[in-house]
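**Student:** Once you've looked at the hints, go ahead and assemble the two chains, each given alone in its own frame, into the complex.
In order, the protein sequences belong to chains A and B. The first sequence begins at 2 in our numbering and counts up one residue at a time. The second sequence begins at 9 in our numbering and counts up one residue at a time.
A portion of the hints provided could be inaccurate.
What the hints assert, rightly or not - If you want the ones that stay clear, here's a sample from chain B, every Cβ over 10 Å from chain A, calculated:
no.: 1; residue: Phe10
no.: 2; residue: Thr82
no.: 3; residue: Trp147
no.: 4; residue: Phe155
no.: 5; residue: Gly165
no.: 6; residue: Phe174
no.: 7; residue: Pro197
no.: 8; residue: Ile204
no.: 9; residue: Phe209
no.: 10; residue: Gly297
no.: 11; residue: Lys321
no.: 12; residue: Gly322
no.: 13; residue: Lys331
no.: 14; residue: Ile341
no.: 15; residue: Asp410
no.: 16; residue: Arg412
What the hints assert, rightly or not - Now the stretches of chain B that chain A is said to cover, found in silico as 3 or more residues with beta-carbon under 8 Å:
no.: 17; region: 20–28
no.: 18; region: 67–77
no.: 19; region: 354–361
no.: 20; region: 365–376
no.: 21; region: 382–390
no.: 22; region: 395–403
Just so you know, the hints here were simulated from the structure itself, not pulled from any lab data. The beta-carbon is built from N, C-alpha and C at its ideal position, and this holds for glycine as well.
Below are the chains, spelled out letter by letter.
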Amino acid sequence: MTDRGPSDELVLDSAEGISAEPITQWDLFVTRLRRHRLATIAFLYMLFIAYVAMMAPLFTCEKNDTFCGSGPIEMSAITTGLMVVIAVGAGYLAYRSFRSNLRGAGVAIAFVAIVSALFLVSSWGWIDLPHINHYADQLPGDDGRLLIRIEPRGSIPMGTDDLGRDVLARVIHGGRASLAVGIVVGGLVALLGTVVGSLAGYYPGVVDQSLMRFTDLILGLPLLPVAIVVGRVLPELRILPGFLKQGAWGIAVLLGALLWGGLARIVRAEFLSLREKEFVEAARAAGANDRRIIFRHILPNAISPIIVQTTLIVGTAIIIEAALSFLGFGVRPPIPTWGGMASGGAAIAPRGDWWELVFSAGALISTVLAINFMGDGLRDALDPTQTIERK
Amino acid sequence: MFAYIIRRLVYGIVTLFALSLVVFMLIQFSGGTPLDRLKLNPRMQSVIAQLTELWGLDKPWYEQYFIWLKNFVTPVDVPDQAGLMVIFGKLGIRSWVAIAAFLGAIGYAIASLFVKIEANWWRTYRAFSIIIVAFVAFWMIKSRIVFSLNWGISFRGDGPVWDTIFGAAGNTFRLGLAALGLALFIGIPLGVYQAIKQYSFFDQLGTTLSFITFSTPIFIIGVMLQLVLAYQLERWLGVKIFYVVGMTSSGYDQLQRGFLGLPSLSQLGDVVQHLALPAISIAAISMAGYSRFQRASMLEVMHSDYLRTAKAKGLPRRTIIVKHALRNAMIPIVTLVSLDIANMIGGAIITESIFGWPGVGRLYIGAIEAVDYPTIMAVVLAIGAGVVMMNIIADILYGVLDPRVRYD
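In isolation and in its complexed conformation, chain B is listed as follows (with noise of 0.2 Å):
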C-alpha cells in the first residue's frame, strides 16, 4: 500500500512535469516572446530588464524552461519583520481559533497513535481535525509563514504570483466546497429516492432531467441561471433575490458587523446572494451524475441477497434501507465523487468567468488572455496537482472501502 502510493506520487511528479514542458513550449512556441507583449505595458517598462535576468527571457527557450523550473521550486527567505512573533502578533480571532483547533487536530493524531477511542463524536471529530488541517495549513502557505517558492512576478502587474494564486484559491475553495456540498445533499438522496420508488413518475421525471442536465455544457446552465434566476425573477418581483458578479456586494463593509470576526447574518446573507448561482450552476452536472449513479448502485444493491435476508427476517423498512442498502451502496460514490472533483475545477473556470468569481479559474483565464506565463504556469501546475492527487486519493479510498481491491 505505502509502496504503491509511492509509485503514484513519482508518476504523479512526472505527469506534472511533462504538463509544464507542454505549456511552456506552446506559450514559447506562439510568436514572439514574452517580452514583447511586456513592452506593450507602460507600468512594465522598469522591470523588464529585471525580468529578463530572472527569467533568462533572452535565451533560447530550453534553457528558459531550466531557468523557470529552478525558480519555481526555489524557496525565497522569509523577510525579517515577517517573522513568526510579528505575524503571530498582528492574528485576528478567528485565526486564533484556527490554530488552536490544528493544534487540538495533531493532538488527536498523536493521541490516536497510543489509545483507540471508538466513540462518535470521536470519529466525527478526526474527520473533521483532517479537514482543520488542511485548512490552517492552506492559511500557513497562503500567508508565507512556513515557506514560499520563487513563483515570480505576474506580467500583468499583478504582483507576486503566489500572492495572487493562494487569495483567489481559497475563493474556488469556497465556490467549490458550496457546490460539492450542494451535489451531494441533493444528488445522493435524489438518486436513493429514486431506487426506492423505482418506474414511478418521479423516478422517470428524475432519469430524463438527469440525462438532459448531462448533457447540457455547463456554461450555458450558468447563462440561463442568470437570465432566470437574476434577471427575470429580479423584474418579477422588483427585488434583487440572487446576484450575478462578485463575491460579495460592494457596501460589504458597511453592513452590520458580526461577533468575534465571525460575519453577521446580514454578511451572511449577502455572501449566500452571490453564491447561489454560481455555485448552483457548478453542481448540476455533477448532481445529475451523482443521483444517476447512486441510483444504479442502491438498485444492484437492493436485488442483493443479503438485503432479501433482512427482509424476511422481517427487519423495518426504514432499517434495511438505511442500515443495509444505503451503506453498501454509498461506497462506489466515494470513489465517483473524488473523481468528479477534477471535472468540478474544469466547470469552476467557465463558471467564475461567466460569474466575474474572483477564484483560480478566472485569474487563468484573464493570465491567458495576456499570455501572462508566470501566472499560467503556476495556476496550471496548480490545477494540475489538483487532479493528480484528486485520482490518487479516488484510488487509495477505492481500495479503502473495498476489501477485494489489492494493490500490488
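Excised from the complex, chain A in its bound form (with noise of 0.2 Å):
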C-alpha cells in the first residue's frame, strides 16, 4: 500500500493544518471502499466476471464458424487486446475521476453505464442463436473417437460433457444469463424500489396507503413457486413479445417485478424520516417544490440503503434464476447457464465425471459471493457514521 494517494489526507488532524484539497462524500466512500480488502478483491473479480461474459463470442470459437475459421485466434486476441486497453483506459480515467471530486462519480456512473449497455447489446445476439453448441476445438479426437466426457487436461482445462461440449467454452458463455439477470433485476428493483418507495413516504394518506398494500400484496407472493409457473409458461405465453421468450431476459424481468417490495419498505422508511428534517424544511420554506425537494434533498441521503438493498437482491437473483435453469424451467438447455449445467453435470457426476458440475458450481458460488462480500463493503463504505482511523 505505498500509494494511497490523496485521499488519504483526510485523515489530518483539522487542528494542526488544512487539508490540501476538499474532501467530498465520494472520496470517504471510496476511501472506506478500498481499507475493505474483500469487497476490493470481489468488485475486481466482478469486473473480470463481467469482461470475460461480456467478450464470450472472442474468447470461444465455434467449430465451422466462418469468424473462427479465418485466422481465428489473431482476430480475437487483437479484438480481446483492445477491448482490454480501452477497458483499463476507461477504467483508469473513471478511477481518477471518482478520487478528484464529486463530479467525477458522475463520470464514474457514466462509465458503468456505457460498460452495462455494451453488455447488454452484446448479449443481444445469442438470443437469435438458441443453438450454441460450444464443441472442443479438437473434434474427434485424434484417435477418431467422439471427445465425449473427457477430463480435464492441457487443451481442454474444464474437460468436456455428455455431449463434447467444451465446458470452459460454456461456463464462459453460462455467465451471460447470470450477468444479463443481474444487471436486469438491479436496475428494475432500484427503479421500482425507489419510485415506489418515495412516492409512498413522500406523500402521506392515499398515495402511502395503496402503495403500500400493494407492495405488501407483491411480498406475499410465494417467490419460488410463482418464478417456476412464469419459467414454464414464459416460451408459450401468446402475450409476450419474441425476444421475452427465450433466454434469460424474459425471468429477469419476471424477478425484478417480484423483487422490488423489500427496497420500497426500505425507502418508504427513509422518506418517512427524512422528511420531517430541519434541512428538508428549510428548503421547504426557500419555496422549494416537492420535486426538487425529493430529488436534490432527500433521495441523495437515502441513496446508501438503496445501492446496498440492490447489491444483494442481484446476488438472490442469480441464485433464482440458476435455480430455475436447473429446475429446467429457466433457460431452455441449449442456451449454456450455469444452473442448467450445474443439472446436467449433477447427472453424470455418480460415474465420476465431476467437472462439468465442479466447474459450473464454482462459477456460481463464487459469483454470487463476490456480490455479498461487495454489498458487505459497500454498507460498511457508504456508513457516514463510520469513523475512518489510520491504521
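**Tutor:** Structure representation (C-alpha cells):
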C-alpha cells in the first residue's frame, strides 16, 4: 500500500492544518471501500467476470464458424486486446475522477452505464442463436473417437460434457445469463423500489396506503412457486414479444417485478424520517417544490440503503435464476447457463465425471459470494457514522 | 391486537386471491387449452366430457376462473359409508393415541380459561398441545372426516387433488420438521458459542463458513451432499449409509415390525438414512443464517448495561450467559425463524425434486411439467397460505415477545 493517494489527506488532524483539497463524500466512500480488502477483491473479480462474459464470443470459437475459421486466434486476440485497452483506460479515467471530486462520480456512473449497455447490446446477439454448441477444438479426437466426457487436460482445461461440448466455453457463455439477470433485476428493483418507496414515503395518506398495500401484496407472493410457473409457461405465452420468451430476459423481468417490495419498504422508511428533518423544512421554507425536495434533498440522503439492498438483491436473483435453470424452467437447455450446467453435471457426476458440476457450481458460488462481499463492503463504506482511523 | 389479526387475515386472503388469478391467467394464456394436453393422455379420454362440464373448459378464461373459484371453495358431501362411526371403527392404535391427546389438548384449553397454573410441566404441555392439535386437525382434514373441498381431479390421472395434496403434505412436514430441528439445534448454539468466543479462530471460521453457505444455491448443496456423503462414502466404506432417493427402502414393510403400530428401531434407522441428506441440505442455509443472526444478537446483548451489572454483582458466567443473555438474545430469532419457514418451503421444492422425496414440492414440479392446472392451483394456494400464515405469525410473535411494539 505505497500509493495511498491524496484522499488519505482526510485523516489529517484538522487542528494541525488544512488539507490540500476539499474532501467529498465520494472520497470518504472510496477510501472506506478500499480499506475493505475483500470487497475490493470482489469488485475486481466481478469486473473480470463481467468482462469475460461480455466478450465471450471472442474467447470461444464455434466449430464451422466462418469468423473463427479465417484466423480466429489473431482476430480475437487483436479485438480482445483492443477491448482490454479500452476497458483499462476507461476504468483508470473513472478511477481518477472518482478520487478527484463529486463530478467524477457522474463520470464513473456513466462508465458503469456504458459498460452495462455494451454488455446488454452484446448479449442481444445470442437470443437469436438458440443452438450454440461449443464443441471442443479437437472434435473428434486424434484416434477418431468423439470427445465425450473428457477429463480436464491441457487443451481442454475444464473437460467436455455429455455431448462433447467444451465446459470452459460453456462456463464463459453461461455467465451471460447470470449477469443479464443480475443487471436487469438490479436496474428494475432499484427503479421500481425507489419510485414506489419515495412516493409512498413522501405523500402520506391515500398514495402511501394504496402503494404500500400493493407492496404487501407483492411481498406476500411465494417467490419460487410463482417463478417456476412463469418460467414454465414463458416460452408459450402468446401475449409476450418474442425476445422475452427465450433466454434470460423474461426471467430477469419476472424476478425484477417480484423482488422490489423489500427495497420499497426500506426507501419509504428513509423518506418518512428524512421528510421531517430540518434541512427539508428549510428547503420548503425557501420555496422549493416537491420535485426539487425529493431529488435534491431527500433522495441523495437515502441513496446508501438503495445501493446496498440492490446489490444484495442481485445476488438473490442470480441464485433464483440458477435454481430455475437447474429445475428446467429457466433458460432452456441449448443455451448454456450455470444452473443448467450444474443440472447436467449432476446427472453424470455419480459416475465420477465431476468436472462439469464442479466448474459451473464454482463459477456460480464465487460470483454470488463476490456480490455479497461487495454488498458488505458497500454497507460499511456508505455508512457516514463510521469513523476513519489510520491503521 | 384482535383487529390487527383480522386485518392481516383479510390482506392475506386478498393476496391469495391475486395469486390464484395470476397463476390461472398464466396457465390460460400459455397456448392451447388444458383440454388439448388432456387429449394426449389416453387414460383420460373417458373423463374429458366430465371435466369439460366440471371446469367449463369450452368457456372463455374469466368464466373458467370463476367456475374454478366456485368449485375450489365448495365443500363436497362426505359419502355415507365414510361416516364418522365407520372411520373410527377402522382406526389404528396410533390414531387413538392422537385422538386422546387431542381431547386432552382441548381439555387443557378449556381448563386454562378457569385455572391459572404456573407449573413447568404445564407450560411444556401447552406448547405440545398446540402441535398435537395441529397434527390431529391435519389428519382429520386429510382423511375427509370433517369436510373436504371440491379441488377437482388431477389431469395426470393422480386421482382427486385433495387426497394427493394432503398425502404429499404429510411427507413435506416430515422433511420440514427435521430440517427446522437441525437448523435450530445446530445453528443457534453455534451462534451463541461464536459470540462467547468472539474473534477466536472458531468464530472466524464459523463466520466465513456461514457466509459461503449463505451464498451457495440450495441445489448445489443438495447435489454435493449426494455426491460426497452418499456415492463417495459408499465407495470408500463399501456400506450404504445415506440414501439419495425416496422416503424409505422398498423392503421397509419386511423389516421387523414395531410395537403398537410405531416403527421399530430398524425401521426408524431406515427412515433416518433416507431423511438425513435432504434435511441437511434444506437446513444448511437456514443454519448459516441463524448462527450469524444469533451471534450478532448475542453480542449486542452482551455489551448491554444490565449484563455488566450481572457481571459486577458476581453471578457465575454460566448463569449470566444462559439466564440473562440468551433469553433476550433469542427474541429476534423467533421472528426470523417464522419468516424463514417461507424460504424453507422454497428450498423444499428444489430439494424434493433432487432427492425424489414424494412431497408437495415434487408434486408441484410434476404438475407444472404436465400443466395439470387443478393440482398447480391447489398447491400454489396451499404454499401461499403457508407463507401468509407464517408472515402473520412472525408479526404477532414479534409483538408478543417485545412489549415495545404496538399494533394500530
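**Student:** Checked against the structure, which of the hints given earlier come out wrong?
**Tutor:** 18
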